[in-house]
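> Sequence:
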Amino acid sequence: MPSYAFGCDGKITDEMRKKILDFHNQARVRLAKGQERNKTGRLPPAKNMYEVSWCCGLEKKAEAAIAVCPENLADLEGYGINFGTRYHCPKYPKTSEVLVMDELGNWWNEVRKYGMTDAKNRYIKEDMQFSMDDWANMANGKNTKIGCSYNKIKGKTVFLCAYDNNAIKDERVVYEPGNPCKKDQDCTTYEGSKCGSSGLCIGKPEPEEALERACNDESGMTEALRKHLLDTYNAYRSSAARGLEPDAAGGNAPKAEQMLKMIYDCPSEKIAFKLAKKCPSATRPIYSHNWNMHKVSSPSVPDEAAADEMAKDVSYKLGCVIHKCDDGKYVHCLSTPTGPGHPVNKPIYQVGEPCKKDSDCRGKFVCSVDEGLCSLS
1 MPSYAFGCDG KITDEMRKKI LDFHNQARVR LAKGQERNKT GRLPPAKNMY
51 EVSWCCGLEK KAEAAIAVCP ENLADLEGYG INFGTRYHCP KYPKTSEVLV
101 MDELGNWWNE VRKYGMTDAK NRYIKEDMQF SMDDWANMAN GKNTKIGCSY
151 NKIKGKTVFL CAYDNNAIKD ERVVYEPGNP CKKDQDCTTY EGSKCGSSGL
201 CIGKPEPEEA LERACNDESG MTEALRKHLL DTYNAYRSSA ARGLEPDAAG
251 GNAPKAEQML KMIYDCPSEK IAFKLAKKCP SATRPIYSHN WNMHKVSSPS
301 VPDEAAADEM AKDVSYKLGC VIHKCDDGKY VHCLSTPTGP GHPVNKPIYQ
351 VGEPCKKDSD CRGKFVCSVD EGLCSLS
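The opening residue of the sequence shown carries number 1 in the UniProt record's numbering; numbering runs sequentially from there.
By construction, these hints were calculated from the structure, which means they are not laboratory data. Take these hints with a grain of salt, some might be off.
[What the hints assert, rightly or not] Result set (SDA-like, lysine to any residue): computed pairs, CA atoms no more than 20 Å apart in a straight line:
| hint | residue 1 | residue 2 |
| --- | --- | --- |
| 1 | K11 | D22 |
| 2 | K270 | R122 |
| 3 | K145 | D14 |
| 4 | K120 | R37 |
| 5 | K156 | A67 |
Bear in mind the structure is a predicted one, so any value in this text is a computation, not a measurement.
With the sequences and hints as input, model every part of the structure.
So this is what it looks like as structure tokens:
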């Protein structure tokens, strides 16, 4: 048995697992040391850049996703995903293995072609226009696990890598500019991390630890307010999932299958604050988030559309602000992903029995049985 045996039972070989893993970690070492090219000049070196290890579970999900055509990414909800297709040329034949390594090179070189221009190394959706998503996932300093697979389908090879932390979030820092670690104390993203000899940190996140949890004070929100609003949303979603919410017909709304439990999301709070500062409050639709706005001083209850937004089963990130305008105080809550809009005569969530075991939930989510919600922890 080779010294690099991984213990996975997927289609690809241990030799290819090692090649893909080594490509990622060697690239991350060069990035951490400031040796990687930007479109102009070099990218800044990195602190808190973590070594990635191979995850058989992620490989299994990647393999299942590309086993069908078109690919089915539903089980990869919440993960970073890089997906590529390479076509076989009969005149210049290459094996799938060679094409996979070529595709990795293309992903990594996106930054050389398009350029990271943000001074804080943030993923700016408006600037990047999805041109550097693959590089951002590969360079994401918080990633600690990857799993990849590929499949030859007729005249092409499809290739997918899944990452335990998704870099594709607006204004998310892809990696922290700084110096690579020299001692364990330099590795601060995850508790108990160690500094490896290569300058990469070695560690693993506790559940939800990799998510951006620290919000700034600019919005005026306190941790107590954030917790209250988050708990309120999740209590409503739990009640809806278990069929306990009254409907307009005098009975109860149907139960929900795979309703997600929300987590607090600081970037969403930041966007909510921008909207709230436009007094009188802006009313134009935004397409990146579900948007609930309620005037605190008004005795009216939230309208049906706001309730619909709260019950969208695909949303699991929440950010809110409470802001005072001249005509009163307003609560703005944004949630994401948005899912479908308001299709006529179609439910806003999947009707069915709430989860009773982890396998009833998709992707990274596990079942919180008492709540009937699929949770990230």
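> Check each numbered hint against the structure and report the violated ones by number, ascending.
Nothing - there is no hint that the structure violates, so all of them hold.
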